[in-house]
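Given the coordinates of chain Z, work out where chain C should sit on it, guided by the hints.
Protein sequences appear in the order of chains Z and C.
Start counting the first sequence at 1; every next residue gets the next number (the working numbering).
Start counting the second sequence at 1; every next residue gets the next number (the working numbering).
No wet-lab data here; the hints were simulated from the structure.
Careful: at least some of the hints might be erroneous.
Said to hold, decoys possible - In silico lysine to any residue, SDA-like type, Cα no more than 25 Å apart, as pairs:
1. Z:K186 to C:R204
2. C:K137 to Z:R257
3. C:K173 to Z:Q259
4. Z:K359 to C:D32
5. Z:K31 to C:D32
6. C:K173 to Z:F260
7. Z:K16 to Z:M1
8. Z:K32 to C:R340
9. C:K34 to Z:D28
Everything numeric in this text was worked out from a predicted model, so none of it was measured.
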Amino acid sequence: MEFNKETALLQAEFRKFAKDVIAPKVDDHDKKGEVPREFILKLSEMGMLGALVPESCGGVALDTLGTVVALEEISKVCPSTGLILAVHNGLFAYPIVKFGTDAQRSKYLPQACGGEVVGGFAEMAANELLVAAATGSSQYTISGQNQLLLNGELNGPFVLSIPLPGSDASTFSIIDPGCPGVKITKNTTIIGMKASGIADVRFQDALVNSGAILGVDRQGQEITADVRNIVRLLFASIALGISQGAYENALKYAKERVQFGEPIANFGMVREMLADMAVKIESVRLLTYDAALARDAQKDFSKAAAIAHLVAAQSVADITNNAIQIYGGYGYMKDYPVERYFRDAQVIRVLCGTSRLDKEFIAAKII
Amino acid sequence: MDYFLTSEEKALKEKVRAFTEKLVVPMLDELDIKAEFPTEIVKEFGKQGLFRIFVPAQYGGTGAKIMDMCIACEEVGRICAGVATAYAVGALGSGPIVYFASEEQKQKYLPLIASGEKLCAFGLTEAQAGSDVANMKTTARKEGDYYVLNGIKQFISNGSISDVYVVLAATDKTRGARGISAFIVENGTGGLTFGRHENKLGIRTSTTTELVFEDCRVPKQNLMGKEGMGFIYTMRNFDRARPGVGAIGLGTAQGAYENVLAFAGKHDLLNDQYIQRKLADMATEIEAGRALIHAAARTIDSGYKGFSKASSFSKLYPTDLAMKCALEAIDIMGPYSILREYKVEKMLRDAKITQIYEGTNQIQRQVIALELIRETGTGKRTDHGI
Numbered sequence: 001m002e003f004n005k006e007t008a009l010l011q012a013e014f015r016k017f018a019k020d021v022i023a024p025k026v027d028d029h030d031k032k033g034e035v036p037r038e039f040i041l042k043l044s045e046m047g048m049l050g051a052l053v054p055e056s057c058g059g060v061a062l063d064t065l066g067t068v069v070a071l072e073e074i075s076k077v078c079p080s081t082g083l084i085l086a087v088h089n090g091l092f093a094y095p096i097v098k099f100g101t102d103a104q105r106s107k108y109l110p111q112a113c114g115g116e117v118v119g120g121f122a123e124m125a126a127n128e129l130l131v132a133a134a135t136g137s138s139q140y141t142i143s144g145q146n147q148l149l150l151n152g153e154l155n156g157p158f159v160l161s162i163p164l165p166g167s168d169a170s171t172f173s174i175i176d177p178g179c180p181g182v183k184i185t186k187n188t189t190i191i192g193m194k195a196s197g198i199a200d201v202r203f204q205d206a207l208v209n210s211g212a213i214l215g216v217d218r219q220g221q222e223i224t225a226d227v228r229n230i231v232r233l234l235f236a237s238i239a240l241g242i243s244q245g246a247y248e249n250a251l252k253y254a255k256e257r258v259q260f261g262e263p264i265a266n267f268g269m270v271r272e273m274l275a276d277m278a279v280k281i282e283s284v285r286l287l288t289y290d291a292a293l294a295r296d297a298q299k300d301f302s303k304a305a306a307i308a309h310l311v312a313a314q315s316v317a318d319i320t321n322n323a324i325q326i327y328g329g330y331g332y333m334k335d336y337p338v339e340r341y342f343r344d345a346q347v348i349r350v351l352c353g354t355s356r357l358d359k360e361f362i363a364a365k366i367i
Numbered sequence: 001m002d003y004f005l006t007s008e009e010k011a012l013k014e015k016v017r018a019f020t021e022k023l024v025v026p027m028l029d030e031l032d033i034k035a036e037f038p039t040e041i042v043k044e045f046g047k048q049g050l051f052r053i054f055v056p057a058q059y060g061g062t063g064a065k066i067m068d069m070c071i072a073c074e075e076v077g078r079i080c081a082g083v084a085t086a087y088a089v090g091a092l093g094s095g096p097i098v099y100f101a102s103e104e105q106k107q108k109y110l111p112l113i114a115s116g117e118k119l120c121a122f123g124l125t126e127a128q129a130g131s132d133v134a135n136m137k138t139t140a141r142k143e144g145d146y147y148v149l150n151g152i153k154q155f156i157s158n159g160s161i162s163d164v165y166v167v168l169a170a171t172d173k174t175r176g177a178r179g180i181s182a183f184i185v186e187n188g189t190g191g192l193t194f195g196r197h198e199n200k201l202g203i204r205t206s207t208t209t210e211l212v213f214e215d216c217r218v219p220k221q222n223l224m225g226k227e228g229m230g231f232i233y234t235m236r237n238f239d240r241a242r243p244g245v246g247a248i249g250l251g252t253a254q255g256a257y258e259n260v261l262a263f264a265g266k267h268d269l270l271n272d273q274y275i276q277r278k279l280a281d282m283a284t285e286i287e288a289g290r291a292l293i294h295a296a297a298r299t300i301d302s303g304y305k306g307f308s309k310a311s312s313f314s315k316l317y318p319t320d321l322a323m324k325c326a327l328e329a330i331d332i333m334g335p336y337s338i339l340r341e342y343k344v345e346k347m348l349r350d351a352k353i354t355q356i357y358e359g360t361n362q363i364q365r366q367v368i369a370l371e372l373i374r375e376t377g378t379g380k381r382t383d384h385g386i
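Just chain Z, same shape as in the assembly (with noise of 0.2 Å):
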C-alpha cells in the first residue's frame, strides 16, 4: 500500500526507533520479564501515549492508520511495548475520551499523554468479582480478582469492567493507583508477553464511588461493543507486528542456513512455509489498513475490524509456529528469537476477544 507521506514519515521514524533503541533491549526484558519503563517516556514524546487523544485533552490526534502502522513496526520488534501502548490508547485513554466525564478527562488524559501515567485495563473475561451495592456516597463494594490486569505492573489508573448483580448488564469504572483494597502484584505465569506487566489484581471490599464511574451507571454494553472495534484493530496490528517480526527472522534464517549443501531456503517445503506467511502477512495488513482507513474516514468499521482481527490472529499462530519449524530445533531454543514470537502471538491472539468471538460478531452482521 502506498502511504501519504506524512504516514511514510511516521513509518520510518518508528521503524529506526524500534530497531536502534528497542531491539538491543528486547530479549533481556523478556528474560526478566521486566516492563520497559525506558521507552515509555520516549514514546510520549513521539506522540504514542497520546496517539487516539483530541489535542484539547493534550493528544496528538494521530490518524488512525497512523497509529497501526506504528504499533505494528514498534511490535515487529517488541510485541510486549506494542501491547503496552495499544491497552493505553485503545483500552484506558480511548474509553474515557469517547464516554469519560469532564472530570474524568481533565483528571486523567493530559497525565496520559504526557506520559506521566500509564493507564491499565483488566481483561473482562478474566474477572471473577463479587460485587455488591454499597451505601453513601460509593456505588459498589468490589471483592475478588482479575489475573490479567493489563498495564498492571505500571502502576496506573486502570478500567475496570463491574459485572452487576443480578442483571446482565455492567459498569465501568476507573480504579486509581492506591485505591484501598486493591492489591496488583506481578503474575509471571503468562505464557508469552513477558515484558508487558500484566499483573493480578486482587480486591477486598474496594468501594468505588460514583465519581469513577465510566460514562453513566450501567452503561457497560454499550461501552464495550465501542472499545471492542477499536481493541480489534490495535490488536490486529499487534499480530501483524508479531508476524513480520517472525517472517523477517525466518526469512533470514533460511537463507543462511545450509544442509544438503545448500540453504534451506532452495527447498520445496520451506518456500511454502515462507512464501505462506507472506501472503498471510499481505492479506492481514491490507485488513488492518482498510479497517483504519474506514475509521479515519468516519465510517462504520466494526465488521472490518472484526475480519482484521480474526484473519491477524490465526495467520499469527500459523506463521510464528512455521517460524520455529523452519528454525527446526534451534528454533526451539530461548537463543532465537522465533519461540518468544509464538508465545507473544498466543497472548494476542485471545487478549480482548477471541476468534469466537470475532467470528459471532461477524455473522451477526451479515446475516
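Same frame as chain Z, but now just chain C:
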C-alpha cells in the same frame, strides 16, 4: 471406541495412566519451572517396569513391542510430553543395541536398561547436521584397540544424565553417509564431557545437552555392528522409534482436548455449536491419529519389513495434530488459556517439539513422498495396503 487391545495391552494402558497421574500431575509446574530432569519419576518408571518395554524378553524385557511403547508414550504424553520425552529417549537409545549390537553387547547393556538401572540416549545431531544427518563432523579414528572420538553432538536429549550413549561418528570421511559408524560410549569414559544445557520453549524437564568428545578413547569392542553401517542403523532405529514420538504427540493432543472439554463444561459452553464443532473435530482427529499409530505399531510388530512409510505417517499426523489441538485449546479457553494453571499453554509449548525432533515433519513428508515415488516406479506398495 474399542481399540482391540489385548488384555495385557489394556492392563499396561491402565497401569501407566494411573501411575503417571499419581506421580507426574502433582509435579507438573515444578518440573516445567525448574527445568530439571525428573529423576525420581524416571526411577519409579523403572521400578514399574516401563523400560522393560524397550527390551526383548531374553534380556529381561517384555518383548520390545512398538505397540507397548506407543501405549506408554501416549499415556505419559497425555500428562506431560517432557516426562514422556525423558522416558522415550530410552527407546531411541536402546533401539540400536536391541537390533544391531553384538550378543555380548546386548547381554552387557540390555538387562540394566530393562530394569531402569541404566539410562541410555542417542547422540546423532550436530550443529551443521540437523536434518542433514550425514553431514556430521564428529570423527572416530582407529588407534590400536581403541577408536578415538572427536567432535560435538548437539541437542542430545537425556544428555549428561544417561549412563550409556549410542553415538554416531565418521570413521571414513571420504565415504559420506556410508562412512558413519555407531559406538556405545559409557558416561565416565575419559574425553567425554557434557557441554551447555539448552534453555527450551517446552519439554523443559527433559534435559538437552551437548556431548563433547575430546580424544575420547572408546574400546574397539564398543563399535556396533560393522564400520560404515551407522547411518543405516540410525534410519532403521528412527523407523521403529517414530510411532513413539507420534504417540507423545497424540497424548499431548488428548491432554489438550480433555482440558478443553472440562473447561467447556465448567463455563457452560457445551451447548454452543461453535464449541461442539471444535470438540467433535478434535475428538475425531485424535481417534484417527490413534488408529494410525496403532496400525503402524502392529505393522512393525508383525515383522513386516517395509514399514518406513507407515512409521512416518504415524509421526507426522499425530504431532501436527498435537499442535493443532493445543492451538485450538488456546482459542477456545480464551484468556485463561495463557495462564499456567490452566495447563494448555505448557501443552502448546511441548507440542512444538514433537513436530521437530526425531526428524522434522518436513523430513517425514520427504520420507513418505520418496516411498510413494518408489512405489510408483515399481508398481508395488511396500506396506499391506492395496
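Item to check | Holds or violated: C:K173 to Z:Q259, with C-alpha atoms at most 25 Å apart | outcome: Satisfied, since the Cα-Cα distance of roughly 17 Å is no more than 25 Å.
Item to check | Hint consistency between C:K34 and Z:D28 [alpha-carbon to alpha-carbon, up to 25 Å] | outcome: With a Cα-Cα distance of about 19 Å, the restraint between C:K34 and Z:D28 holds, given a limit of 25 Å.
Checklist entry - Are the Cα positions of C:K173 and Z:F260 separated by 25 Å at most? => result holds, 16 Å
Item to check | Distance restraint between Z:K359 and C:D32, which requires alpha-carbon spacing of 25 Å or less | outcome: Violated, because 34 Å separates the two Cα atoms, which is more than 25 Å.
Checklist entry - Taken at face value, is the distance from the CA of C:R204 to the CA of Z:K186 at most 25 Å? => result holds, 23 Å
Item to check | Pair hint Z:K32 and C:R340, alpha-carbon separation not exceeding 25 Å | outcome: The hint holds at about 17 Å.
Checklist entry - Do the alpha carbons of Z:K31 and C:D32 lie within 25 Å of each other, as the hint requires? => result Roughly 16 Å between the alpha carbons, so the hint for Z:K31 and C:D32 holds.
Item to check | Hint consistency between C:K137 and Z:R257 [alpha-carbon to alpha-carbon, up to 25 Å] | outcome: holds, 16 Å
Next on the checklist: Holds or violated: Z:K16 and Z:M1, Cα atoms, limit 25 Å.
Outcome noted: This hinted pair holds, its Cα atoms lying about 20 Å apart.
The earlier numbered hint that this structure contradicts is number 4, and it is the only one.
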